[in-house]
Structures are given as structure tokens and as C-alpha cells.
Amino acid sequence: AQSVAQPEDQVNVAEGNPLTVKCTYSVSGNPYLFWYVQYPNRGLQFLLKYITGDNLVKGSYGFEAEFNKSQTSFHLKKPSALVSDSALYFCAVRGGNNAGNMLTFGGGTRLMVKP
Amino acid sequence: GAVVSQHPSRVICKSGTSVKIECRSLDFQATTMFWYRQFPKQSLMLMATSNEGSKATYEQGVEKDKFLINHASLTLSTLTVTSAHPEDSSFYICSAAGTSYGEQYFGPGTRLTVT
Numbered sequence: 066a067q068s069v070a071q072p073e074d075q076v077n078v079a080e081g082n083p084l085t086v087k088c089t090y091s092v093s094g095n096p097y098l099f100w101y102v103q104y105p106n107r108g109l110q111f112l113l114k115y116i117t118g119d120n121l122v123k124g125s126y127g128f129e130a131e132f133n134k135s136q137t138s139f140h141l142k143k144p145s146a147l148v149s150d151s152a153l154y155f156c157a158v159r160g161g162n163n164a165g166n167m168l169t170f171g172g173g174t175r176l177m178v179k180p
Numbered sequence: 051g052a053v054v055s056q057h058p059s060r061v062i063c064k065s066g067t068s069v070k071i072e073c074r075s076l077d078f079q080a081t082t083m084f085w086y087r088q089f090p091k092q093s094l095m096l097m098a099t100s101n102e103g104s105k106a107t108y109e110q111g112v113e114k115d116k117f118l119i120n121h122a123s124l125t126l127s128t129l130t131v132t133s134a135h136p137e138d139s140s141f142y143i144c145s146a147a148g149t150s151y152g153e154q155y156f157g158p159g160t161r162l163t164v165t
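So the sequence lines, in the order shown, correspond to chains A and B.
First residue of the first sequence? That's 66 in the working numbering, and the numbers climb one at a time after it.
First residue of the second sequence? That's 51 in the working numbering, and the numbers climb one at a time after it.
These aren't lab readings, by the way, just hints derived from the structure by calculation.
Heads up, the beta-carbon is just placed ideally off N, CA and C, and yes, glycines get one too.
Just so you know, not all the hints are guaranteed correct.
Unchecked claim - Taking CB as the label site, the calculated pair distances span:
hint	chain 1	residue 1	chain 2	residue 2	range
1	A	Pro105	B	Ser123	28 to 34 Å
2	B	Asp77	A	Glu73	32 to 38 Å
3	A	Ile116	B	Gln110	25 to 31 Å
4	B	Met95	A	Glu131	25 to 31 Å
5	B	Lys70	A	Asn120	31 to 37 Å
6	A	Val148	B	Arg161	24 to 30 Å
To be verified - Partner residues are not named here, just some residues of chain A that face chain B (Cβ under 10 Å, in silico):
hint	residue
7	Val69
8	Gln71
9	Ser93
10	Tyr97
11	Phe99
12	Tyr101
13	Gln103
14	Leu109
15	Phe155
16	Ala157
17	Met167
18	Gly172
19	Arg175
Claimed, not checked - Think about it this way: if two alpha-carbon atoms lie no more than 30 Å apart in a straight line, the pair counts; the simulated DSS-like pairs of lysine-lysine are:
hint	chain 1	residue 1	chain 2	residue 2
20	A	Lys142	A	Lys123
21	B	Lys91	A	Lys114
22	B	Lys91	A	Lys179
23	A	Lys179	A	Lys114
24	A	Lys142	B	Lys91
25	B	Lys105	A	Lys123
26	B	Lys64	B	Lys116
27	A	Lys134	A	Lys123
28	B	Lys114	B	Lys70
29	A	Lys87	A	Lys134
30	A	Lys114	A	Lys142
31	B	Lys91	A	Lys87
32	B	Lys105	B	Lys116
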């Protein structure tokens, strides 16, 4: 069975500082990894994904994530946080190798960026 | 591209009535759609996987007779909450699977309140 862990319920950063939202996963085969962001009372918006290739993936709104196979991690990062980045962030994984389209989500991490 | 809509965005109904939520992929064909439920400050819980032209696959613990799913075309899936009760009040989100490595595109969600 595949699983995702987001160890921090909330991350607080000051505007302009770098941010990291952590994610670790467990899956059979090669993982397909995703980050989504959710604003209040809205659906999820896709940020970025890792399928194969470079371990550093760049996505929307200046976010990036680094795939680390040995640590089974896919942490989300941004060099300089904005107040508008405050939202709920979800990491998700699906197994590769024809494992189907089902995603398993982490519990979510609330990012609070203070001016 | 890859836009998914949901209708209605918000609905209030009385106990015992049924409510239908529509999920549409606006600019692509989705052979697979997913229905999620999200409680406040929690992650998404997969309810069922819907494949066009076939019966939905429900996750363990989800009552298929209560949550009726129909995926009659490649662009439309519906979720009907039958005989709704206050405990069914929740945020329901659908997604449609794209063709690119199982990436899912999410609708904006429907907030259901049962009084």
C-alpha cells in the first residue's frame, strides 16, 4: 500500500524568507509525486510533479520540489515566501508501473506567511 | 487547459432529501474521475473511482447505495447523496484524470450542508 506523510500540521515563515514543506512517501515501484495547494473553500490546484528525470522540479508560483530517492522525500520549497502563499498544501503519490491513477494524499500542511 | 467544474458550489438541503453534484471536464475527455470528501482541516478522503461506462469502485466504508455515482460520458460524472443526513455535510471534491502519468485535475468543490 502506498502512503504519504506530511509531518508538520503547520509551517510559519516570515515574508521574504525561504520556506520548506516536508513530505515523505512509501510506494511500490517508481513513484509519481505531486504537490497541490488549496485555498479556503476551493478545490486543489496543481503546483508541480515528479515523474522522472531531474530530481529538482520547478512548478507554479515559484515553487520547486526536490525528489530524494534514498530518503523517500519530496519536500516543497520556495526561496522567498509571499503572504499570498498562505494556504493548505498537499503532497500526493501514486505508484508507477501501471499502478492506476489513484492518488494517495498526505494529511496536509498549513503554511502561514506573516508580513 | 485541463479545467474541471463542479455544480453547485454550495447547497443546503433538508434531511431525507437527495442532492446531485455534477463534475465536468471542460476541455478534455476523462475516462476516470474521482470523488473525494474533505472534513474541516483534514485531508481528502477518496470515496470512489468512476470510470466512464462502468460501475464506480467504492472505497471501503463508503456506502454505494447512499452515494450514487454515474459516469455516463467522458466529460461528466455525477454524485448523488441520497436521503441526506446532517453527518453527510461536508466538502465534496471531484477530480478528473488526465493522460499525463495520472495527474488529476480538481474541481472547485461543493459544500453540502444538510439541516
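Evaluation of the interface hint that places Gly172 (chain A) against chain B, nearest CB under 10 Å = Holds: closest Cβ of chain B sits about 5 Å from Gly172 (chain A), inside 10 Å.
request  = Using Cβ atoms only, decide whether Leu109 (chain A) comes closer than 10 Å to chain B, and label the hint accordingly.
outcome  = At about 4 Å, which falls below the 10 Å cut-off, the nearest Cβ of chain B leaves the hint on Leu109 (chain A) intact, so it holds.
message = Taking the Cβ atom of Val148 (chain A) and the Cβ atom of Arg161 (chain B), is their distance within the range 24 to 30 Å?
response = Holds, at about 25 Å.
query = Does the structure keep Lys134 (chain A) and Lys123 (chain A) at a Cα separation of 30 Å or less?
reply = Measuring from Cα to Cα gives roughly 17 Å; hence the hint holds.
request  = Tell me if Ala157 (chain A) is really an interface residue toward chain B, meaning its C-beta lies closer than 10 Å to one of theirs.
outcome  = With a closest approach of 8 Å, the Ala157 (chain A) hint holds.
query = Regarding the hint that Tyr101 (chain A) lies at the interface with chain B, is the smallest CB-CB distance below 10 Å?
reply = holds, 7 Å
inquiry  = Against the 30 Å threshold, does the CA-CA distance of Lys87 (chain A) and Lys134 (chain A) hold or violate the hint?
reply    = Answer holds: Lys87 (chain A) to Lys134 (chain A) is near 14 Å, not above 30 Å.
ask   = Does the CB of Val69 (chain A) sit less than 10 Å away from some CB of chain B?
value = OK, holds: Val69 (chain A) within 10 Å of chain B, min 9 Å.
inquiry  = Between the alpha carbons of Lys142 (chain A) and Lys123 (chain A), is the straight-line distance 30 Å or under?
reply    = holds, 10 Å
Hinted pair Lys142 (chain A) and Lys91 (chain B), Cα distance within 30 Å = Given that 30 Å is the threshold and the Cα spacing comes to 22 Å, the pair holds.
inquiry  = Does Phe155 (chain A) hold up as a contact with chain B if the rule is Cβ-Cβ below 10 Å?
reply    = At about 7 Å, which falls below the 10 Å cut-off, the nearest Cβ of chain B leaves the hint on Phe155 (chain A) intact, so it holds.
message = For Lys114 (chain B) and Lys70 (chain B), compute the direct alpha-carbon distance and say whether it is at most 30 Å.
response = holds, 14 Å
The structure shown violates the earlier hints numbered 5, 9 and 25.
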